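Asker: What follows is each chain in one-letter form.
Number of protein chains: 2
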Amino acid sequence: MTLSRSQSAHGQSAQSRSGQSLSILGATGSIGRNTIDVVSRLPGRFRVEAVSANRDAEGLAQIAIEAGARLAVVADPDAYAALKAALSGTGIEAAAGQAALVEAATRPVDRLMAAIVGAAGLAPTLAAAARGTTILLANKECLVTAGTLFMATARAGGATILPVDSEHSALFQVLNPVQALNPVQVLDPDRLKAVETVTITASGGPFRTWSAEQIAEAGPREAVRHPNWAMGAKISVDSAGLMNKGLELIEAHHLFAIAPERLAVVVHPESIVHGFVSYRDGSVIAQLAEPDMRTPIAYSLGWPDRIPAPTKRLDLAELGRLTFETPDLRRFPALGIAIAAMEAGNGATTVLNAANEISVEAFLSERIRFPDIAKIVENVMDRVARTGIGEPASLDEALELDRTARDVARALVGEHIATAG
Amino acid sequence: MTLSRSQSAHGQSAQSRSGQSLSILGATGSIGRNTIDVVSRLPGRFRVEAVSANRDAEGLAQIAIEAGARLAVVADPDAYAALKAALSGTGIEAAAGQAALVEAATRPVDRLMAAIVGAAGLAPTLAAAARGTTILLANKECLVTAGTLFMATARAGGATILPVDSEHSALFQVLNPVQALNPVQVLDPDRLKAVETVTITASGGPFRTWSAEQIAEAGPREAVRHPNWAMGAKISVDSAGLMNKGLELIEAHHLFAIAPERLAVVVHPESIVHGFVSYRDGSVIAQLAEPDMRTPIAYSLGWPDRIPAPTKRLDLAELGRLTFETPDLRRFPALGIAIAAMEAGNGATTVLNAANEISVEAFLSERIRFPDIAKIVENVMDRVARTGIGEPASLDEALELDRTARDVARALVGEHIATAG
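Protein chains in written order, with the numbering used here: chain A, 1 to 421; chain B, 1001 to 1421.
Note that these hints are calculated values from the structure, not bench results.
Here are some of the chain A residues that sit facing chain B, going by a computed Cβ distance under 8 Å:
no., residue
1, Arg280
2, Ser283
3, Leu288
Remember, it's a predicted structure, so these values are computed and weren't measured experimentally.
We treat Cβ as the ideally placed atom computed from N, Cα and C, and that holds for glycine.
Chain A on its own, in the form it takes in the complex (with noise of 0.2 Å):
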């Protein structure tokens, strides 16, 4: 890496029209940057044709300049005219609105880097999928949300998923499907019968050493002081309670086709394995790497080759040791609830997802405490499941699922501040 900042954005606006397509989605989050961080590096090799953001129009337009991209949309209908304005005699299409999002998700590129955080990046990332685009899937939802009905749509459409996440980067190079190029067609049977187990790692989060009672008294400070990521209040909440890693076996599940009982979680203080495969003949392949997004990010742009990624390079002997511990989840049992709910199926994810992110909310406005989380999931997941949950066979059914739970959620979270008051 002998580029620097501005030499490779030069040389990227002055490459024209070569190498890979990609748009983005998400761009003004962590993941968006650091993928134009990446793709900044290696001029040549991409050249961006869209990019969105939710509203965010100065950030948005300052990144779609930057990266020479064709179009840039604003999800939000209300900073399309900032967004207009500060693209202004820059040749860059700004658009605004859902159908807008759809559109710049599904115009044909090599790849598109589907980074939207929420709910939000459903319906465009589905809509790519179906059209057989190759995804850089960053949207936790897809998988959460609509876990079936999202690999259902990238099957019969021909998509390729490729993880950026870093457990589930690390579980693809580790699975390395070289050969496929649907990975969900990855694991065949006879390869399949040679996994015994998936394993993720954990950081154990800020509360690893903490007793239940202390964890009891946390606040939402103490809960989002991740010891390795920087990361968004949400998941570092997440985090802390260990519902994160749970979210993240469901996603591995839908991703690999790994039964639930062949996936498992290990806490790893120092985030630098990041999951495993263990084999039948007692061989267990590993994924390591400095904690840093743009590692797993750039073998998605790069995938099935690898380019160059400007992180620090794992050095083992400096470093000096690898610690790890099972998981304890009485004190974490919200890692316990997600495995439930991944055994129960995709109707009981949705509501697990949408349950968590009212609670978590409730815990960072400081309304409930940081055990009520796991309590509020758990109860949702117990009123909801009476009335049934069915798979949901749409997007539509799916968001309404959600709906329903989050309305409980917000109930219950009613209920228990008035019981607490």
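Position chain B relative to chain A; hints supplied.
Answerer: For chain B alone, kept in the frame of chain A given last:
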């Protein structure tokens, strides 16, 4: 693995001639016996064609009978009568001598386990390589004494070389050449470009935490106490001085066509991580397993499939920690000497290996001290280099260079004893 040993042995002999054909050279040694152990638990998967031993006629006959082999060969003609007697009435053919050994090695089989220890393995394994055999390579000399010749012969003959040594099996598993029948073709230039470093691990041996002064006083008893693997005396001494890692780097250099400057060693006392490859995107792919030779043996037997091996499963949480250190070339100069030999070329490594064998022998019989091993090896390399070391172009040339180096080493051991006395 529900079959007991006796059941599976029964199944094996009852299965007549189905499955993949397999010959085992060096069947009475540790690799040979472990191979039989893995194979005997998979009735119907393999049928044993030929087995060989140096001179243990009784041991070989027992293995041949249990495995249902067709041919048993002792290298030593003096052991022929005993073998013939032991196999009397079994229908298993008995033979002896070098020509019979080469015949056993070149009988058409699906896989040949080449596990003869020492230079005696060169001629039969090279003959098998020339015939395009799929060779499970456990003989170190093929790569250290005649690596360039051996790999060129394998390429020309269309042979597939599957490494059995745990470190090289690790690298092979990680580089994962599922598409290439001939592993030497695996690392095409594009793929190699993405590899930054290829690392094997070293347990550090029994002297890892010893001072240079303590090491200088160590006798054979101390040197052969390997912390993790039960191995022969010679290889244990190599391990105590890190010479074994130097030899393994040389093997990796030939097997995977990796330039010396990209090869590295890290000390890892637990011997769980066996090798890893570091890529330019910051990603590291590693192979881990409990230290048990049946895992790499099973991998070489099953490749590209994975067959079951009855080994203890790796449990990282149970282990708790993995530690890593930089090797100390001051206390363990043999590693540096071996790396210099690898950089100098195949003639130098022939000399290195020969001089090392003589020196280790002298140390084991308490004629020289531990640090003298590396000193004598270095001295032999200097002296032989002064007369000019060419790249051995034939087996005869390699063996001639090997003999020359042994003679010089013996003379130096003698001088050394005279001086010390």
